[in-house]
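Work the whole structure out from these sequences, hints included.
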Amino acid sequence: MAAEISSSEALAWVAEVFEVPVEKIRPETRRDEIEAWDSLGILTLMARLDEDYHILLTEEEIQQLQSVGDILNFLRKRGLLRDDQ
Amino acid sequence: MRFLLVDRILELEPGKSIKAEHHISSDEDFFRDHFPGFPVVPGVLLTEMMAQAAGKCLDAEGREKGKGKAMLAQIRSAYFRDWVRPDSTALITAEVRTNQAQYATAVCAIEVNEAKVCSADLLFSFLPMNEFAPGYRDEVLETFLASRKHGKV
Chain A
52 MAAEISSSEA
62 LAWVAEVFEV
72 PVEKIRPETR
82 RDEIEAWDSL
92 GILTLMARLD
102 EDYHILLTEE
112 EIQQLQSVGD
122 ILNFLRKRGL
132 LRDDQ
Chain B
22 MRFLLVDRIL
32 ELEPGKSIKA
42 EHHISSDEDF
52 FRDHFPGFPV
62 VPGVLLTEMM
72 AQAAGKCLDA
82 EGREKGKGKA
92 MLAQIRSAYF
102 RDWVRPDSTA
112 LITAEVRTNQ
122 AQYATAVCAI
132 EVNEAKVCSA
142 DLLFSFLPMN
152 EFAPGYRDEV
162 LETFLASRKH
172 GKV
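Quick note, the sequences are listed as chains A and B, same order.
The first sequence begins at 52 in our numbering and counts up by one.
The second sequence begins at 22 in our numbering and counts up by one.
Don't read these hints as lab results, they were simulated from the structure.
As the structure is a prediction and not an experimental result, all values here were calculated from the model.
Be aware that a few hints might be false.
[Unchecked claim] Pairwise CB distance ranges (calculated):
id: 1; chain 1: A; residue 1: R81; chain 2: B; residue 2: M22; range: 38 to 48 Å
id: 2; chain 1: A; residue 1: E111; chain 2: B; residue 2: N151; range: 19 to 29 Å
id: 3; chain 1: B; residue 1: M92; chain 2: A; residue 2: E102; range: 25 to 35 Å
Glycine is no exception: its CB is placed at the ideal position from the N, C-alpha and C atoms.
Printed below as a string of structure tokens:
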């Protein structure tokens, strides 16, 4: 299993996946506010989750991800994210 | 201009890895412009060679599973370490890292005269075969698979 990451590390990871500066995203940032979160962005997200955390996203899970916070919650549920102190 | 940048498959493990080659003739038209007096193969063509080789590796497996044809979706990284001059033979390798129903990733490289000249990390999606012309087939891949079936590889 992949090592746990902090909330700030997870945010930086999401920013890298969608090629946005980390200061431009917050948990509240919605999918439609991130230009690269399109069909290619979803493929990129799926591939990175697979490569970095060995997680395969289902179609249903993809549909449920509508914000950066949803991705963080998903990582939290999978036991990969520990909240910053 | 044709856009077939893999001449021959040397080794293939469907969906996992491939080794292939492409000869770059000094007659290629692009050398007239890229560049006068210093002809070198454009990086975009080297990247396409790697994408075509990796695509054949994925297609070899995809045809068995009905996944569709692998299409380059993203050049995640690419590095060009040395010039590739006219009359070179590129040895192209690709190792598939992840391979799922909707996407695949591959780490690819090209060697010329046993020296690595470039490498790339590529992301592929899959397009259903019914999007292509009826009867469309990959002759290079078909030739390799047929020769393997007959024990020639």
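Outcome of the hint check:
no., hint, verdict
1, A:R81 with B:M22: 38 to 48 Å, "holds, 44 Å"
2, A:E111 with B:N151: 19 to 29 Å, "holds, 26 Å"
3, B:M92 with A:E102: 25 to 35 Å, "violated, 19 Å"
Hint 3 from the earlier list is the only one contradicted by this structure; the remaining hints agree with it.
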